[in-house]
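So you can see what is in the structure, the chains are spelled out below.
2 protein chains.
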Amino acid sequence: MKRPLLESIKLASDIKKLNMDQLEELCKELRDEIIEKVSETGGHLASNLGAVELTVALHYVFDSPNDPIIWDVGHQCYAHKILTGRDITGIRTENGLSGFPKSAESEHDLFVAGHASTSISAALGIAQAKKIKNDDHSVIAVVGDGASSGGMIFEAMNNAGRSMTNLIVVLNDNEMSISPNVGAMAKYLADIRSKEGYFKIKDNVRHTFEKSMVLRKTVLPALRTVKTFFKDMFYSSNTFEHFGFMYLGPIDGHNLEILIRTLRRAQHVKRPVLVHINTLKGKGYEPAEKNPSKFHGVAPFDKNSGELKKEPGYSFSSAFGDSLCRLAEKDDKICAITAAMADGTGLRDFSEKYPNRFFDVGIAEEHAMTFAAGLAAGGMKPVFAVYSTFLQRAYDQVLHDASIEPKHVVIGVDRAGIVGGDGETHQGTFDIPILTSIPGMTVYSPANYEELDDDLSSAFSKDGVFAVRYPRDTEKIVPKKFERKYSDFDYFEGSNNCLIITYGRLFVEAAFAAEETGASVLKLGKVFPIEHELIEIAKNYKNIFFFEESVEYGSIAEHFGTLLYKNGFDGKYSINCVFGFVPHMNVEKAMKLHGLDRESMKNAVKEALK
Amino acid sequence: MKRPLLESIKLASDIKKLNMDQLEELCKELRDEIIEKVSETGGHLASNLGAVELTVALHYVFDSPNDPIIWDVGHQCYAHKILTGRDITGIRTENGLSGFPKSAESEHDLFVAGHASTSISAALGIAQAKKIKNDDHSVIAVVGDGASSGGMIFEAMNNAGRSMTNLIVVLNDNEMSISPNVGAMAKYLADIRSKEGYFKIKDNVRHTFEKSMVLRKTVLPALRTVKTFFKDMFYSSNTFEHFGFMYLGPIDGHNLEILIRTLRRAQHVKRPVLVHINTLKGKGYEPAEKNPSKFHGVAPFDKNSGELKKEPGYSFSSAFGDSLCRLAEKDDKICAITAAMADGTGLRDFSEKYPNRFFDVGIAEEHAMTFAAGLAAGGMKPVFAVYSTFLQRAYDQVLHDASIEPKHVVIGVDRAGIVGGDGETHQGTFDIPILTSIPGMTVYSPANYEELDDDLSSAFSKDGVFAVRYPRDTEKIVPKKFERKYSDFDYFEGSNNCLIITYGRLFVEAAFAAEETGASVLKLGKVFPIEHELIEIAKNYKNIFFFEESVEYGSIAEHFGTLLYKNGFDGKYSINCVFGFVPHMNVEKAMKLHGLDRESMKNAVKEALK
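Sequences listed follow chains W and D, in order.
So the first sequence is residues 1 to 610, counted in this note's numbering.
So the second sequence is residues 1001 to 1610, counted in this note's numbering.
Looking at chain W on its own, in the form it has when it is part of the complex (with noise of 0.2 Å):
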């Protein structure tokens, strides 16, 4: 499809040239081409068609990268990449762009993203470089109100309001962050927005104070501290103006012409300034639309009807789900926390059978795990489901709430391991370093549904803190002979004196390899901590071979290795795990890529055997 704006712009700077028309156009295009582009390959589709004019009208103000723009998330960058000068064609495929902004794709992506709630940080990070530089130029940081609840924006802007940095926070607000929000901070927006032009209407109401002697003599004799008390009233009433910040809005963030002028009086402002704009999801797709939460991150789908090209089935974050459902009927002492994720983690059930034993608290890792202390320490059973990626945010929590004085808490981890074309940010391949090191862990990874559900049981049966972790995946068949006995583990005798040891899906791969090969595997169920049992087997061998989707310091494999050697063991192992951070590209090419897969399994078995 011919797209000629688009392809007039070579350079960011090329939008300057565009008359209002044109750039009316250039929106346009810009949604067709990521619709067309993310409906071959899957990706983030709702968030970034809600900020095509947002883009458009950054670009035609500010001058990027000397005037930085940090995308809080990333996943609403797809416009400014292709204004940036990329093809998003094969976006978050192994020959494709990233899905979220990366330094290394363009000297437009100042800052990494992928978790949420960042922007601010960085952002103010840079104007301060800037300040101290003495750089006039605007840093912009893109927030949309999802994440507005995670405690980092709220430090940063305690941190920003006074810093007298050429700041400019856009916070996007849409009304819906991955799941319906919740709390104050989206009900304080609604109310805002509620308010049309809310500048506005104090700019008048100061007016009529100011001018009526009439009023002044009134009301005044009531007010016992007269000065702070207007100041609140007219001139601080915001919430966002006790942060400091100068407030522009609430505007509409589909209107150019209006962004382009606020984005103006905000660039002219020589202090941190927040501008409000309203965006709807989806905007201009009308599937999108209609059901932004099914199309904020997408897989392939048919441009035209909206319909997904294969549905999707059921999971471990199902599984998972179900599991909880049923063990919550028997046992009201059950409660399931989410961080924004009720349908990621597959709560959505529970949240709808047990809706008073259900919370979800917004994007706030911290908060969640430590809520999930306090529900503990108050006699309930809580498991806070999250994934891999964002429990990295909790490691204090887990620790410092959870483990210290344990309290009976159950973390259900999922898209643990590799996650496939979310890439670097959204790995889970820490999980097992940072939970290991903490006291009193116990960590289960099962390798499919029934075992989920037998960990899970186990857990919510036992005291203490514990982890069950499990992939973004669907269980996987194994050869007949691999199929489950299992209490807290599953050993597989073979016909030689290999042994692979392995866990979670991983074991799918090592049932196949060891088919073939003849060698035995040890299947961990409760991974952590290691049992003495296990190492007895394992002794026996002379050679053995780890699997493991996690980084290697601090693996299962280096920790059971190390075990090893202390009981004597005399033969050889080898750990496959992880490596570096995992770039986009699907999980199996990735599992090829780091030894992962049932190929690499059997060379290194037939290897030994030589």
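I should point out that these hints are in silico values taken from the structure, not numbers from a laboratory.
You can trust all of the hints, since none of them are fake.
Going by beta-carbon spacing under 10 Å, a handful of chain W positions derived as facing chain D:
(1) Arg-357
(2) Ala-372
(3) Gly-374
(4) Pro-382
(5) Tyr-395
(6) Glu-405
(7) Pro-433
(8) Ile-434
(9) Tyr-553
(10) Lys-572
Calculated lysine-lysine pairs in the DSS-like style (CA-CA distance at most 27 Å, straight line):
(11) D:Lys-1606 / W:Lys-566
(12) W:Lys-133 / D:Lys-1330
(13) D:Lys-1542 / W:Lys-539
(14) W:Lys-131 / D:Lys-1353
(15) W:Lys-462 / D:Lys-1131
(16) D:Lys-1333 / W:Lys-131
We put the beta carbon where it would ideally sit given N, CA and C, even for glycine.
We have chain W; now place chain D onto it with these hints.
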């Protein structure tokens, strides 16, 4: 000294039998007791003296532990410990109480604390549990203004306001966190403080408006959306009310009558209430009132003069600050960041010499780390100086914001290793596992001030993410033979086939042990990544002993041992690490208990030589 009222209180509920005069007298006795006992052992003084009336009022109005009191940070809970039947003699020493809330000590300490900003999350969890169980009791969280800069407070408030629980948040506003308070929240609190009886004013204004038809007629036409605007002005103009809390305050936190009346009012409101009280740190003890910062966490002192029994000496923290000042003189890109610990981390001089390159972000470690990464993205060379235990809060920020696309940032990890009297919640024994799990990380651990200086120089002169970790301690003298040569490591050859591998302050212990036993010593300076050269040296030994101030899983010892194994080492090695959460006791005792002192080292070598 006789304290008859204190002695009459056996149960927390006994306080309810006292009249107002007796309660006042009780406060005096509590102060005397706290001053006397803390002068003997050291501990948190100023914050405890400031919270005496509050504590008495809370126990008078509420029924602990049915109405649990959750102390944020916990360093203000001494009066609470005394009133709940505990003797604070010897507090923070091995045979005394913990300086923080501890469930193991008393049912009145329902939730552990030590780190800041967790109390509302925990209290909300407990309150939700009570709501589920139809238990009508209150849950009280007591938060200082210093902790209110932490993002978890925001996350928790965002969830609490709409919770319809009997949660009471007491904001204990003493205008002073550990470092002078910073940021918008501090300024906002100061604004509120300046309005005596803020909530009364609002009542008056509302009353006036509602009564006067004239006012309504003249003002209303100026307002376009009257209802929400009025709502904001008179019902929600306070940020805490925006969060959904009923706001009561500010009140004098040393006036028992007002405290009791206000807390009673809060008790009867069946939804979340925020009680804002003003208190004076160090209240009732002149030296502490005059210098609350000195008496925040204080060493033993003469209670009459307020003089320390032993002046604090030069320490690794001081050396860090001095090195940084020297480096910053030559390199104007170096910036320093602290999370409310300018004094503790030795940055006071830097802050005075380079105010435009110094950033105290308040208690906000997550923001601090990402802000540092932002400064680096802007071309600066930031160091974030932070206690090891608080770095735990910024794990994701180190990984996601600083390391995925590596920024040139340095983390000054203070209080690394065992910390002594602060106990479990403050041990610096987890930074090695979490830092070494992050790809690309370099960790230094200097054994003396000169190495610290070298390590910082190295970190600033290279590129990437660096951590330099050092203990809460002073440099110690080593036997002449073990004096420094140094180039990322030092190797001291002994006379037998035993090798001690260690780093940081344990090197001194190793040197003495080696001198007596003839063992060799490999002192690591750059402890991670582990260079192959070190493996080659170590491989030549029959017996290797790792000694390390870290938990074992994820330790350098574990990583090094695994590398030894991979490289064909055929001798023996033993790992001597910190196990579990280390309770409060002096450092030497803890070292001995964990087998990390020179005697333990000698014994290990001698045993091997047998």
